[in-house]
Amino acid sequence: GQNIDQPTEMTATEGAIVQINCTYQTSGFNGLFWYQQHAGEAPTFLSYNVLDGLEEKGRFSSFLSRSKGYSYLLLKELQMKDSASYLCAINAGNNRKLIWGLGTSLAVNP
Amino acid sequence: EPEVTQTPSHQVTQMGQEVILRCVPISNHLYFYWYRQILGQKVEFLVSFYNNEISEKSEIFDDQFSVERPDGSNFTLKIRSTKLEDSAMYFCASRVTSGAYEQFFGPGTRLTVL
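Same order as they appear, the protein sequences are chains F and U.
So for the first sequence, the working numbering puts the first residue at 1; every next one is plus one.
So for the second sequence, the working numbering puts the first residue at 1; every next one is plus one.
Treat the hints as calculated values from the structure; they're not laboratory data.
Since the model is a prediction, treat every value here as computed from it, not as a measurement.
Warning: the hint list may mix true and false statements.
What the hints assert, rightly or not - Once the Cα atoms are required to be at most 20 Å apart in a straight line, the calculated EDC-like pairs of lysine to aspartate or glutamate come out as:
#	chain 1	residue 1	chain 2	residue 2
1	U	Lys42	F	Glu14
2	U	Lys42	F	Glu77
3	U	Lys78	U	Glu102
4	U	Lys42	F	Glu9
5	F	Lys57	U	Asp86
6	U	Lys42	U	Glu85
7	F	Lys57	F	Glu77
8	U	Lys78	U	Glu56
9	U	Lys57	U	Glu44
10	F	Lys68	F	Glu14
11	F	Lys81	F	Glu14
12	U	Lys42	U	Glu1
What the hints assert, rightly or not - Here are some chain F residues pointing at chain U (derived, C-beta under 8 Å):
#	residue
13	Gly31
14	Glu41
15	Phe45
16	Leu87
17	Gly93
18	Asn95
19	Arg96
20	Leu98
21	Ile99
22	Trp100
23	Leu102
24	Gly103
As the list claims (entries may be wrong) - Pairwise CB distance ranges (calculated):
#	chain 1	residue 1	chain 2	residue 2	range
25	U	Leu39	F	Ala16	25 to 35 Å
26	U	Gly99	F	Thr44	19 to 29 Å
27	U	Gly99	F	Asn3	22 to 32 Å
28	F	Tyr70	U	Gly40	23 to 33 Å
29	U	Gln14	F	Lys57	37 to 47 Å
30	F	Ser67	U	Asp71	40 to 50 Å
31	F	Asn3	U	Gln14	22 to 32 Å
32	U	Glu85	F	Met80	28 to 38 Å
Positions of the beta carbon are idealized from the N, C-alpha and C atoms, including for glycine.
Okay, chain U solo, but in the shape it has when bound (with noise of 0.2 Å):
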C-alpha cells in the first residue's frame, strides 16, 4: 500500500542552524501539507501547497520558513535559522484530488534544537 514517507526521523541541530525535512508524498496525490507538534500540544497546521505553489499558511509560518517541492517526487520544508520553540515533531501528508477529503500522513520528523 502506497504511503507517505519522511527523512530523517530524528534531526538534531543548533540554534540558528538551517534544517531541511524532507518528505516523499503518495505518487498520484496533489495536496500536500505540513503539520508540527510541540511536545505535549495539538498538531498545528503550518503551510499547505498545490500546483507548485503555496495556496495556504498559518501565523506560523514566518519568513524563517519555506517549502519546494524541487523534484516532482520529493516536497521539502526548510527552517532557515532554527530556534529552540522549533523543536516539534513535524509531519508531512499529502491528498489525492480537490474531491478527496482524507489526508494521509507520514510518520514524521522529530526536530530538537539545541
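Okay, chain F solo, but in the shape it has when bound (with noise of 0.2 Å):
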C-alpha cells in the first residue's frame, strides 16, 4: 500500500530554522516532492529529490533517504509569509501521478 506520514501541525519562530519530517511507504518511487500550500490556494513547487542526500534552495533545503524511506524540509531564516501547510507528495508508477501526505500546518509566530 501507500502511506505518507507528517506531523500535523508545527509552530515555530520568525527568524529561526524549523525542520518538517517526511515517512513514507509506496510502491513505484520516482522521487520525493514537497509542495508549500496556503488555505484556498493551489500547492506551490518547493523541491524534488530523486537522489538520496541534501537539496538547498536558497533559504529552503530538503533530504532524502530512499532506504529509510525518509526526507525532510529544512526552512531556514523564517519569515511570517512561510505560515502555511508543507505537503509531502511522492512521485509514483509511469504516469508519474503524485501521492500525497496530510501536509504540515507550520504557524510562523513573531
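With the hints in hand, could you dock these two chains into one complex?
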C-alpha cells in the first residue's frame, strides 16, 4: 500500500529554523516532492529529490533517504509569510501521479 | 510566465446535476492530471491523461467522472450526477514531457454540492 506520514502541526518563531519530517511507504518511487499550500490556494512547488542527499534552494533545503523512506524539509530564516501547509508527495508509477501526505500546518509567530 | 488556468473559480450546484470543470494547461505540456482536495483532507489523485486518453485513474474516478481534451487546449473534468461528497477543491496540473518531473498546478475550482 501507499502511506505518507507527516506531523499535523508545527509552530516556530520568525527568524528561526524548522525541520518538517516525512516518512513514506509506497510502491513505484520516482522521487519525492515538497509543496507549499496556503489556505484555499493551489500547491506550489518547493523541491524535488530523487537521489539520496540534500538539495538546497535558498532558504529551503530538502533531504531524502530512500533506504529509510524518509525525507525532511528544512526552512531557514523563517518569515511570517512561511505560515502555510507543507505537503510531502511521492511521484509514483509510470504516469508519475502524485501521492500526497496530509500536510504539516506551520505557524510562524513573531 | 506560462501558467495553468482553471474556470470557474467557484461552482455551486445541486445534487444530481452535471458539472464541467475546465482547465487550460500550459501550451507545450503533454501530460495532464486532475486532483481533488476535500476540505481538511489530503490532496488525492483522480486521473492522468496523455495522448488523448486516460493513462491511469484512481478508485475515486468511477463512472460518474470523465475527462476530455476537446480542442487541443482545454482539458475538462465532468461529473455526471454530483453527490454531496463531491464537494471539494479540484486542481488541474500539467507536465511537459516524460522526463520532466514538475507538475504545474492551476489555482483550482471550488465545487460546492448542495
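The hints, checked one at a time:
1. U:Lys42 <-> F:Glu14: violated (27 Å)
2. U:Lys42 <-> F:Glu77: violated (27 Å)
3. U:Lys78 <-> U:Glu102: Distance ~25 Å between lysine 78 of chain U and glutamate 102 of chain U Cα, so the pair is violated.
4. U:Lys42 <-> F:Glu9: Satisfied, since the Cα-Cα distance of roughly 14 Å is no more than 20 Å.
5. F:Lys57 <-> U:Asp86: violated (37 Å)
6. U:Lys42 <-> U:Glu85: With a Cα-Cα distance of about 15 Å, the restraint between lysine 42 of chain U and glutamate 85 of chain U holds, given a limit of 20 Å.
7. F:Lys57 <-> F:Glu77: It holds: about 13 Å lies between the C-alpha atoms, which stays within 20 Å.
8. U:Lys78 <-> U:Glu56: holds (16 Å)
9. U:Lys57 <-> U:Glu44: Holds - the C-alpha atoms of glutamate 44 of chain U and lysine 57 of chain U are around 11 Å apart, at most 20 Å.
10. F:Lys68 <-> F:Glu14: violated (31 Å)
11. F:Lys81 <-> F:Glu14: Distance ~10 Å between lysine 81 of chain F and glutamate 14 of chain F Cα, so the pair holds.
12. U:Lys42 <-> U:Glu1: The given pair, whose Cα atoms are some 28 Å apart, is violated under the 20 Å limit.
13. Gly31: holds (6 Å)
14. Glu41: Status holds, d = 7 Å.
15. Phe45: holds (6 Å)
16. Leu87: holds (7 Å)
17. Gly93: holds (7 Å)
18. Asn95: With a closest approach of 4 Å, the asparagine 95 of chain F hint holds.
19. Arg96: holds (7 Å)
20. Leu98: holds (6 Å)
21. Ile99: Since the shortest Cβ distance to chain U is 7 Å, the answer is holds.
22. Trp100: At 4 Å from the nearest chain U Cβ, tryptophan 100 of chain F passes the 8 Å test, so the hint holds.
23. Leu102: holds (5 Å)
24. Gly103: Result: holds, 7 Å to nearest chain U Cβ.
25. U:Leu39 <-> F:Ala16: 25 to 35 Å: At roughly 30 Å between Cβ atoms, alanine 16 of chain F and leucine 39 of chain U fall inside 25 to 35 Å, so the hint holds.
26. U:Gly99 <-> F:Thr44: 19 to 29 Å: 22 Å Cβ-Cβ, so the 19 to 29 Å window holds.
27. U:Gly99 <-> F:Asn3: 22 to 32 Å: With a Cβ separation near 28 Å, glycine 99 of chain U and asparagine 3 of chain F satisfy 22 to 32 Å, so the hint holds.
28. F:Tyr70 <-> U:Gly40: 23 to 33 Å: holds (26 Å)
29. U:Gln14 <-> F:Lys57: 37 to 47 Å: holds (46 Å)
30. F:Ser67 <-> U:Asp71: 40 to 50 Å: holds (47 Å)
31. F:Asn3 <-> U:Gln14: 22 to 32 Å: Cβ of asparagine 3 of chain F to Cβ of glutamine 14 of chain U: about 37 Å, so the range 22 to 32 Å is violated.
32. U:Glu85 <-> F:Met80: 28 to 38 Å: Since glutamate 85 of chain U and methionine 80 of chain F have Cβ atoms about 35 Å apart, the given range 28 to 38 Å holds.
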